[in-house]
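Colleague: Add chain X to chain W, keeping to what the hints say.
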Amino acid sequence: MNRPIVHLFALFTLLFTVLVVFTSRWSVLEAQSLTDSAANRRPLLEQQKIPRGLIYARDGTVLAANRRVGSRQTQRYVRRYPTDSLFSHAVGYSFIERGRSGLEQSENSVLTGTGSEFATLVQELSGEQEGDNLRTTLDSRLQEAARSALGSRRGSIVAIEPATGRVRAMVSIPDFDPNSIPDSFEELSSEPSSPLFNRATQARYPPGSTFKVVTAAAALDSGRFTPSSQVSGRNNKRISGVPLQNFDGEDFGQVTLTEALIKSINTVWAEVGSDLGKREMLRYMRRFGFGTEPPIDYPRNQLAPSGIFDRRGRLVEPDDAIDIGRVAIGQERLQVTPLQMAMVAAAIGNDGELMQPTLAHRAIAPDGRVRQRFRPDRLRRVVSPSAARGVAGMMTSVVERGSGTAAQLQGVRVAGKTGTAERGAGINQAWFIAFAPVERPRIALAVTVEQAEGTGGEVAAPIAQRLLEVALGARGATSSGPAAAGGF
Amino acid sequence: MVSARLRELLGLLPVGLLVTAGFTAVLISRTEEVSNLSLTYGAVFLGLCVFAHFFIRARLPDADPYLFPLAALLAAFGLVMIYRIDEELARQQAQWFVLGLAFFCATVILLRDHHSLERYRYTIAAASIVLLFMPRLPLIGAQTNGAYLAIKLGPVQFQPAEFAKVGIIVFLASYLAETRDVLVRGRVPRLSLKHFGPLLVVWGAAMLMLVFIRDLGSSLMFFGGFLALLYVATSRISLVAVGAAMFAAGAAFFASNVSHISDRISIWLDPFRPKVVDDEGYQIAQSLFAQADGGLFGTGFGRSLLELPGGGTILPAADTDLIYALIVNELGLFGATAVVLVYLLFAARGFKVALLARDGFSKLLAAGLTAVFAMQVFVIVGGVTRVIPLTGVTLPFVSYGGSSIVANLVLLALLLIVSQDARRDPERAHGGLA
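Top to bottom, those sequences are chains W and X. At position 466 of the first sequence (counting the first as 1) the number is 1111 in the working numbering, and the numbers step up by one without a gap. At position 318 of the second sequence (counting the first as 1) the number is 334 in the working numbering, and the numbers step up by one without a gap.
Worth double-checking, as some hints may not be accurate.
The calculated lysine to aspartate or glutamate pairs, modelled on DMTMM-like cross-linking and capped at a C-alpha distance of 25 Å, are [said to hold, decoys possible]:
hint, chain 1, residue 1, chain 2, residue 2
1, W, LYS923, W, ASP1012
2, W, LYS694, X, GLU103
3, X, LYS291, W, GLU1067
4, W, LYS882, W, ASP920
5, W, LYS694, X, ASP294
Some, not all, of what chain X presents toward chain W, calculated at C-beta under 10 Å [claimed, not checked]:
hint, residue
6, ALA118
7, ARG137
8, TYR247
9, ILE330
10, PRO332
11, THR353
12, LEU360
13, THR386
14, ALA390
15, MET391
I should point out that these hints are in silico values taken from the structure, not numbers from a laboratory. Given the structure is predicted, the values throughout are model-derived calculations rather than measurements. The C-beta atom is built at its ideal place from N, Cα and C for all residues, glycine as well.
This is chain X alone, in the form it adopts within the complex:
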């Protein structure tokens, strides 16, 4: 039987092919000649991936063999798309990827056993909440499109929600692993405030996020992750239903009372109204126009209409929030479906890790991380395709952005650590080969 690590290495082959072919396609469309620069890009990226592979081989020999190649595939794909938009951005993104790999390795090295996270759960929770609200702080907070999602430290912009999402899942997994017995056995009317308290706190936090960060998308992502965890922990649809209803009620309340959110919703319902279409509705309208231009097969890498004669791009935020629209534009319905499928495969492997995990905390951690990851994909792709109102979260591994790449590689590291713990050969474990 082929070992897990060999399967991982083989899984990296399509990554190398994709990144080389992608860069070549972009270069051809740009200069009508292939320079060996595309091969260099492919080789460097593949080199990084192979390095990560050997690192995993050494430190996490039994971990899931597909998660890393899937993430690398998405990252390679993102790099090609970003390169197509702007060479300089692609160079920076590659640097972010290197930094992300450093964080990945550091997490694996420092966190030999993820159970040790349970000890710091309140610290992690508090730190995450602080992170989430930092964009509202004066001086360092930054507002984009009316939402507070980033902080600025000098030249560096940083999206704390990306890190907070990992922290909050760690806290919730740990908390629910401990209290789930009560929540499962207790009848809903008899559950005391003591048990429900923290859940109310989470709900309250989601509502506060709606008000303070003003971003429907990220609060939906957080609360969705939370409900997923609650469901996995308790198997009780009733609790999830109560939670969902509370979120819906809160969202509806704020939607009619906070102008920023109600604007977002009215834009979502009809972005093509005159005036709106060139103003607040411009982003989503351009997103849909770009997708319409893609058709079944797309225009091909680098062949869509993006740059405007006067500078700038016709598709706003093409490298971050709206990158999925650019993917549909250039690779068509088929290419975009393939990308969604890769995310679904990633989610499948993540949930597989949760299935195989041996204890409650590990199961909840893996399921929660996977759920919040998948939720993020749904929120941004759903926003871009007008399934839900468009909000500003990144497409994991694909969008440009250091915070996103680093945080998602940390998330991947945690999943692999849990997986290593679940799949390791008990005998070898006793041998101390961690």
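With the rest of the complex left out, here is chain W:
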């Protein structure tokens, strides 16, 4: 009976070898695909066991910190947002129950320390993993000013440094307290005012006359117009075969292009747009960033492209029928995000060169070393420096003696453009885009207010003035108020 016993042992050796082979299959050979499996909650739970990196404003204010919970065995870190709702949209949130949003999502690899290969090797050897801290470009003073300037009015403000693309403020009202996300996510997401929705990057608003800045830039850069070109401001011009009215039906006669921007004459800019033609206008729009999501370090699912949308809500193609004259004055299903309009102002303020908008400033290792600097990145030249300076001059006149006087500062020249898109009887989408100082712009911004009972010049320009005061340390030239505003 001994031979079969030996055979039996051989059989079990074989069977146990199969066990080892399968163990290596799961633990090594196919480990990566198992770890990446959507049903595997381990990576999420593991990430909670390491402290996430902190998020700071540029001035050092802590925007996201960690709270330690649980007993020794189940110890984990839960996010805490010391500034409550102030940075809710820009910073976002990160909770295991609800996932992530904002910078918490787009910079997750930095914050969990999985960003650089070298870091993970060290962490693997030491057995300790810790995320890198993130310093953002956001300025807590400006952010605070922007939020209090909007107050309880729904709307959004985006402020960018024209020369670097760094986002200094990003506000969307209504906002939410990220600390309350685990408890009240359901309520927040079903709220009709959509507080979780980042109006700065996702809302598609009609831009109104602020879009005339794009048209003006295209007109000057094409070489066919100068700021002093004579144009006709007659009312009821036929644009694409349909008569177009000026604001209040006013008739202007022969004016310069600068005058046409100061008075925001619809018929002039519609005619300029028609003259330039659809392809030319679309080309300049694309250069400003329209048609795609802005290349900002922010989650793609929280970004919307700006552009001309068809009735089904899709971006139109160049071959589609478009009333380009009405697009040129910000009508005709043209929809924009506040971020896009801030990029327009920043590009003009930066001599026609568009910088990539960024929220991340640098990644700092737990020991204080700078792990990564997010340097300013030039996206593209949009218009020539001379065209940009021409438009800047025209916009300066808008603030000096046009519809944007409410944004004037003492001793600092401001360039701006108002916008007022009618949304109903006496209810407007109010806009103001601006940059200052004109000679060497340090800040560009877009301000918009939903459901405003006034024009862009009355509602949005004073808000911009307060922000410019804070950003530049200047004083407003006039006591801000609707009385000072000339128009729309």
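Modeller: Leaving out everything else, chain X in the frame of chain W:
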């Protein structure tokens, strides 16, 4: 030459080292400081092992010197893993180990000669069958994951299959030792029902287990043990092939007709389907995720992700059925391979006992006990690693569970008794030193 018992004592040294190092590692990962509690645990466990060693020295002086240290190594290892999961469970497991050692000693003392078991073979067989089907009885039966594997007597849960496996092997060894001549010599067509009858009964019992206990794993374990014995008894592959084919046919029939078994098989084939992965496939999916987390070297004792923030463990049944997944998680492929190797060494020593045994019954008993033990390891580790459908049997000596520890220590006692009988010095035997 170093005596067998000295080798056994030396074999216990790594056990002591492992248990002390293991507890220390778990404690460090938990409190970041070493308390002398880990040393106490190690010392107490080692004390128990040394006691058992002296007991074996007195009663079974010539028995195999490696079997007990291997079992102690596995038990020590299991204790560390269980301690890592839950301190209280580890304390209970240590108590079970003490009880198991009591059963071990009682078996050795009461059963001076294992041949006396042959006289009671039908009683043992009947008792084993009754044990197996007890979980289906009302009031005391308990169902887990659709299988009937445990009975509940008040607060005590008890897995009768663990004991039944020893009883059935004793019966089969005894039965086959007597009838093997007929089975070996007879041509298959001429074998009468009289000889085949009991084999058909075993097959029928395995099929019944499939239906009543609904557990593919334990019936595979029993039938595998039976086929191994049949092969050792007859050396006839043909008989084994017929038996295997019958089992496969029966299993296939029930797999397509009993929903519980067919569910198990479809989960086994694809546990990652949406819906299934969070429901019936949760166990095996979590087992594989835990192993993937282990990699080559594992996370280290006590460092894997186990406890969920809301309480409970991410790896279900981490202390019993899925303990192997936790081992892969914390000790990696290398550690797990070492554990499998220890089982293989145990099987090697068990078969060695069978090789050295002097009579048919002893050979069959040792081979059968070893085979069913190894089969159990294959069934549970194979289930956890998705070689076969996952079913609920314990990993011998390692998993938490009183029945498992006690039954496997009894199995070890039987192997050592057979070994003592095989290796004893004939002269000393005549001197009456049993």
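Colleague: Okay, which hints does this one fail, numbers in order?
Modeller: 1, 3, 6, 7 and 10
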